[in-house]
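Asks: Got chain A sorted already, so can you dock chain B onto it with the hints?
As they're listed, the protein sequences go chains A and B. At position 97 of the first sequence (counting the first as 1) the number is 97 in my numbering, and the numbers step up by one without a gap. If you count the second sequence from 1, you need to add 322 to reach my numbering.
In case anyone wonders, no lab produced these hints; they're calculated from the structure. Idealized CB from N, CA, C, for every residue including glycine. Do not rely on the hints blindly, as some may be mistaken.
Computed cross-link-like contacts, SDA-like style, restricted to lysine to any residue with a CA-CA straight-line distance of at most 20 Å [to be verified]: (1) Lys304/A <-> Met230/A; (2) Lys304/A <-> Pro413/B; (3) Lys511/B <-> Ile300/A; (4) Lys304/A <-> Glu187/A; (5) Lys144/A <-> Glu187/A; (6) Lys304/A <-> Ile420/B; (7) Lys304/A <-> Lys315/A; (8) Lys3/A <-> Ala258/A; (9) Lys315/A <-> Leu259/A; (10) Lys304/A <-> Gly416/B; (11) Lys304/A <-> Leu415/B; (12) Lys304/A <-> Gly490/B; (13) Lys304/A <-> Gln498/B; (14) Lys304/A <-> Gln501/B; (15) Lys3/A <-> His179/A; (16) Lys156/A <-> Val15/A; (17) Lys304/A <-> Ala417/B; (18) Lys512/B <-> Asp499/B; (19) Lys512/B <-> Gln501/B; (20) Lys3/A <-> Leu14/A; (21) Lys512/B <-> Gln535/B; (22) Lys3/A <-> Ser180/A; (23) Lys315/A <-> Asp178/A; (24) Lys304/A <-> Pro419/B; (25) Lys144/A <-> Leu259/A; (26) Lys156/A <-> Pro24/A; (27) Lys511/B <-> Gln498/B.
Covered by chain B, according to a simulated footprint, are these stretches of chain A (three or more residues, beta-carbon under 8 Å) [unchecked claim]: (28) 101-113; (29) 240-252; (30) 257-267; (31) 285-295.
Take a look at the letters that make up each chain.
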Amino acid sequence: MNKQLAWGIGLAALVALPFVYRDPYHLHILVLILIWSFAYTSWSMMGRFGLVSLGHGGFMGVGAYVTALLWNHLGISPWIGIPAAMLCAGALALVVAYPCFRFRITGHYFALVTLALSGIVLQIIIATRDYTGGSLGYTPERTKGSHLLALQFDDKVVWYLIALGVWAGGLAVWYWIDHSMSRYAMEAISEDEDAAAAAGVNVTAEKLRITVISAVMTAMAGALYGQYQMFISPDTVSGIAVSLQMVFAAVVGGIYVALGPTVGAIITILLAEVLRIGFGTKAVGWDNLVYGVLLVLFIIFLPKGILGSLLARLKSPGKPQP
Amino acid sequence: MMEIFDIYLLEALVNGILLGGVLALLALGLNLIFGVIDVTWICYAELVMVGMYGMYYLFSVYGLPYWVAAPICILLVAAMGAALHFLVIEPLLGAPPINQLLATGGVLFVLQSFATVAFGIDFRNLGIRLPVLALGEMHFSYARLLAFIAALVGMVAVYLFMTRTYTGTAIRAIAQDRQIMALMGVDTKKIYLVTSALGGGLAGLAACLLVLQYDVHPFVGLSFGPITFLICVLGGLGNFVGGFVAAFLFAEIISLGGLFSDLEWGYVLAFGFFIVMMFIRPAGLLAKRP
Numbered sequence: 001m002n003k004q005l006a007w008g009i010g011l012a013a014l015v016a017l018p019f020v021y022r023d024p025y026h027l028h029i030l031v032l033i034l035i036w037s038f039a040y041t042s043w044s045m046m047g048r049f050g051l052v053s054l055g056h057g058g059f060m061g062v063g064a065y066v067t068a069l070l071w072n073h074l075g076i077s078p079w080i081g082i083p084a085a086m087l088c089a090g091a092l093a094l095v096v097a098y099p100c101f102r103f104r105i106t107g108h109y110f111a112l113v114t115l116a117l118s119g120i121v122l123q124i125i126i127a128t129r130d131y132t133g134g135s136l137g138y139t140p141e142r143t144k145g146s147h148l149l150a151l152q153f154d155d156k157v158v159w160y161l162i163a164l165g166v167w168a169g170g171l172a173v174w175y176w177i178d179h180s181m182s183r184y185a186m187e188a189i190s191e192d193e194d195a196a197a198a199a200g201v202n203v204t205a206e207k208l209r210i211t212v213i214s215a216v217m218t219a220m221a222g223a224l225y226g227q228y229q230m231f232i233s234p235d236t237v238s239g240i241a242v243s244l245q246m247v248f249a250a251v252v253g254g255i256y257v258a259l260g261p262t263v264g265a266i267i268t269i270l271l272a273e274v275l276r277i278g279f280g281t282k283a284v285g286w287d288n289l290v291y292g293v294l295l296v297l298f299i300i301f302l303p304k305g306i307l308g309s310l311l312a313r314l315k316s317p318g319k320p321q322p
Numbered sequence: 323m324m325e326i327f328d329i330y331l332l333e334a335l336v337n338g339i340l341l342g343g344v345l346a347l348l349a350l351g352l353n354l355i356f357g358v359i360d361v362t363w364i365c366y367a368e369l370v371m372v373g374m375y376g377m378y379y380l381f382s383v384y385g386l387p388y389w390v391a392a393p394i395c396i397l398l399v400a401a402m403g404a405a406l407h408f409l410v411i412e413p414l415l416g417a418p419p420i421n422q423l424l425a426t427g428g429v430l431f432v433l434q435s436f437a438t439v440a441f442g443i444d445f446r447n448l449g450i451r452l453p454v455l456a457l458g459e460m461h462f463s464y465a466r467l468l469a470f471i472a473a474l475v476g477m478v479a480v481y482l483f484m485t486r487t488y489t490g491t492a493i494r495a496i497a498q499d500r501q502i503m504a505l506m507g508v509d510t511k512k513i514y515l516v517t518s519a520l521g522g523g524l525a526g527l528a529a530c531l532l533v534l535q536y537d538v539h540p541f542v543g544l545s546f547g548p549i550t551f552l553i554c555v556l557g558g559l560g561n562f563v564g565g566f567v568a569a570f571l572f573a574e575i576i577s578l579g580g581l582f583s584d585l586e587w588g589y590v591l592a593f594g595f596f597i598v599m600m601f602i603r604p605a606g607l608l609a610k611r612p
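Next comes chain B alone, as it looks inside the complex:
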């Protein structure tokens, strides 16, 4: 009896790590936007939802192969990210930060209800059933493994972009001091747009991966949006490494909590953990104590 239990435990642990990969990818996109532009996109998960619909239409309706549809979808969401910045955030750059947060909350409503109106409330999926990988007595889905690997590749690509290119360096510099960089001849407006497009692109990548595991419907964003914010805050908003660590912590709590009880209790545990951690480390997991 004990042996079987341990295998379930191990399976839950590994599944937690696999889930953590996608969550870390989402957190990276949000952290990037926050770190550089200093706004929180409450509607970030809704961009992912739109990306998932994009994948559904490109793949299932227009019949494009997955590997062709995915880059188109990523570009599409990246363009949406840039548009979101240009139309909503830029007019509000001088406004109190809370107004920017609320405005993206409005965009959340718009995207959700646009999806309801345009696509209906039916659950849709790509109809791809990836095989299940059996390792001993444990079972993992290829979709999750693929998502985990692609998320890691995506994160490494972003890391290389940020450290090896001029634009990436400028983005990091702005995150450190936004006043000075304008004086140094960096075009802040352009950098903000590039960052928003990059953040959108990461949401698009996450959409391509999540659509393999979950059905898409207009409210799918609500099932992982809040988790993503909590991860970012737990890691310290704008702190990339912190977000990465927090993503895996959260994924493990949800996965293990779900093992011992219902999935909802996994979420309750994760939320509770978040609130407790906020009091112990208000500035984020990896922040130095003041």
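Here chain A stands alone, though its shape is the one from the complex:
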């Protein structure tokens, strides 16, 4: 009961925040944190069960580009475009993941096949530069009509509330999976696939379900990011670097607890901003240098991530955590 109360109060405080405090820069940072938290949470839904995907940059790119292309070329509102993009990402996930799971491509091999996927999406975006703007990036056209229909808002408070809602939705999906039978099935699969199959778990179907959910949510994050920033480029929403960035932030925060990826997003985005403000253009590269060192140290010393280790320590004080 206490836990639910705490969640309720926390969420209410977050909803109330922009009406009390509306510094545009800080709201901008908060919106970015919420959107990326949602993306990282989506990645962790697979990552926590040992399905390490390096292809999520690809799903994010599909989400952002399909939405923007439909709007610019066909005039289709993002309200239809975003679900369409999510459908595309889901289909893509299905096409790549089904044979992977069917033929028991796991571990290293799965990570590298998905790496190829994000490489393909990146190269296709660059190769079709006549439509997508290639490496130079792409801007959804400013609407002349209804802002609501075009999902373009100038007010950061509106974006904050949208991002907050989506983020909370992501956590709800996490909670739902966490309390479903799927979770036990997936945990069994990540321990030993053959044993799980022998115990009556439909290994391929369970893995597919979690992969498609994760991909669809990541595409939504990409589409939202594009609508909010009004500029997307292959480097910021697609490709291998974005995939690695997702993995990194999620691992630092902790992939086994619901708020871990959010903590990861807060740490990485604040770190980048502090370095950017502190050092200006001299900071180019420093943020990633710190990320990289942290990632290595975390995987060696704190594989559960910051929040995961903290919670584990609170639960059993005195016992040193591995």
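Replies: Structure of chain B alone, referenced to chain A:
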């Protein structure tokens, strides 16, 4: 009209083979590490990038001749390979394999951003312009030919080392059974370090060759890193011959795809081919069907 087209086709084919040599060299280094230590260095191409910067500084800034700079550069990257193993992989040897993969992903970030901070994001090159070899109406660059030959020599040297020396034999034995070899009195730790240094050295050799053809910048690793992993997986991780065959297959697809359309489509084709092959032969090109 048809004649000209055929000459282009032939030129693309030969260029594909030349490109394949360097890719095969990269794949060999990665396969060696995977086969023996059972880890994937996601940051392998970044070691090459650092090697390319090493060559740039030794050659262009300190003015050493190419033939002196190259061995120093190879030793430097070999030492980095050993350091990478000692500092990052060894503490994680008992951890789940995916953690090792992610940790080297962290090293990728570190190397890339270190290069950004230390060398800036400008494109740099050695300023050596090797002549172009004209054969009939086809044109090949000497840099590529040199890279191809040096890559072959490097691979033969590794082969001789692996088959003719005690250490090489021990490395192959460990790749076959890592538990037993420790009982047979082989110092696994030492063998792992030697293997990592060897893998690093191959990356260094590749760097010396690639720097003749490409400008170096902090993100140059991303342009051939992913391809190298795909080649290794396509050939079967740890399978040296498979990696060799896959390297040339990939190089031909990229080269021919680039002939008919943009270079990006060559890559798209190669990636697509990879995904399709994973479903047809999940354990690698040369693996026996289960």
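Asks: Take the hints in turn and mark each one as holding or not.
Replies: Cross-check of the supplied hints:
1. Of the pairs offered as hints, the one joining lysine 304/A and methionine 230/A is violated, with about 35 Å between alpha carbons and a cut-off of 20 Å exceeded.
2. Among the hinted pairs, lysine 304/A with proline 413/B is consistent with the structure: their alpha-carbon atoms are about 16 Å apart, no more than 20 Å.
3. Proposed proximity of lysine 511/B and isoleucine 300/A is supported: the alpha carbons are some 18 Å apart, at most 20 Å.
4. With a CA separation close to 16 Å, the supplied pair lysine 304/A and glutamate 187/A stays within the 20 Å bound.
5. Using a Cα cut-off of 20 Å, the hinted pair lysine 144/A and glutamate 187/A is violated, with the two alpha carbons roughly 50 Å apart.
6. A hinted pair counts as satisfied when its Cα atoms are at most 20 Å apart, and lysine 304/A with isoleucine 420/B qualifies at roughly 13 Å.
7. Restraint check for lysine 304/A and lysine 315/A: the C-alpha separation of about 14 Å stays at or below 20 Å, so the hint holds.
8. Using a Cα cut-off of 20 Å, the hinted pair lysine 3/A and alanine 258/A holds, with the two alpha carbons roughly 13 Å apart.
9. A hinted pair counts as satisfied when its Cα atoms are at most 20 Å apart, and lysine 315/A with leucine 259/A qualifies at roughly 16 Å.
10. Taken as a hint, the lysine 304/A and glycine 416/B pair is honoured in the structure, with Cα atoms around 16 Å apart against an allowance of 20 Å.
11. Proximity of lysine 304/A to leucine 415/B is assessed by CA-CA distance (about 17 Å); at most 20 Å being required, the pair is judged to hold.
12. For the suggested pair lysine 304/A and glycine 490/B, the alpha carbons sit about 38 Å apart, so the restraint of at most 20 Å is broken.
13. With a C-alpha separation of about 32 Å, the suggested pairing of lysine 304/A with glutamine 498/B is violated against the 20 Å cut-off.
14. Our distance criterion of 20 Å between C-alpha atoms is broken by lysine 304/A and glutamine 501/B, whose separation comes to about 29 Å.
15. For the proposed pair lysine 3/A and histidine 179/A, the alpha carbon gap of about 15 Å is at most 20 Å, so the pair holds.
16. For a cut-off of 20 Å, the pair hint linking lysine 156/A to valine 15/A stands: about 13 Å separates their Cα positions.
17. Taken as a hint, the lysine 304/A and alanine 417/B pair is honoured in the structure, with Cα atoms around 12 Å apart against an allowance of 20 Å.
18. Pair hint lysine 512/B plus aspartate 499/B holds up; C-alpha atoms about 16 Å apart against a cutoff of 20 Å.
19. Our distance criterion of 20 Å between C-alpha atoms is met by lysine 512/B and glutamine 501/B, whose separation comes to about 15 Å.
20. Between lysine 3/A and leucine 14/A the CA atoms are separated by roughly 17 Å; this keeps the pair inside 20 Å, and the hint holds.
21. At most 20 Å may separate the alpha-carbon atoms for a hinted pair to count; lysine 512/B and glutamine 535/B exceed this at roughly 35 Å.
22. Restraint check for lysine 3/A and serine 180/A: satisfied, since their Cα atoms lie roughly 19 Å apart, inside the 20 Å limit.
23. Between the alpha carbons of lysine 315/A and aspartate 178/A the distance comes to roughly 19 Å, so the proposed pair stays at or under 20 Å and holds.
24. For the given pair, lysine 304/A sits about 15 Å from proline 419/B by alpha-carbon distance, which is consistent with the 20 Å threshold.
25. For the hint linking lysine 144/A to leucine 259/A, the alpha-carbon distance of about 39 Å lies beyond 20 Å, and the restraint is violated.
26. Distance check on the hinted pair: lysine 156/A and proline 24/A sit about 7 Å apart at the alpha-carbon level, within 20 Å; holds.
27. About 16 Å separates the Cα atoms of lysine 511/B and glutamine 498/B, which keeps this hinted pair within 20 Å; it holds.
28. Here's how the stretch 101-113 of chain A fares: 9 of its residues keep a CB closer than 8 Å to some CB of chain B, so the rule of at least three is met and the hint holds.
29. Remark: the stretch 240-252 of chain A is confirmed as covered by chain B, as 6 of its residues place a Cβ nearer than 8 Å to a Cβ of that chain, reaching the required three.
30. With a cut-off of 8 Å between beta carbons, the stretch 257-267 of chain A has 0 residues touching chain B; three or more are needed, and the interface restraint is violated.
31. Residue count for the stretch 285-295 of chain A with a Cβ under 8 Å from a Cβ of chain B: 10. That meets the three needed, and the coverage hint holds.
Of the hints listed earlier, those the structure fails to meet are numbers 1, 5, 12, 13, 14, 21, 25, 30, in rising order.
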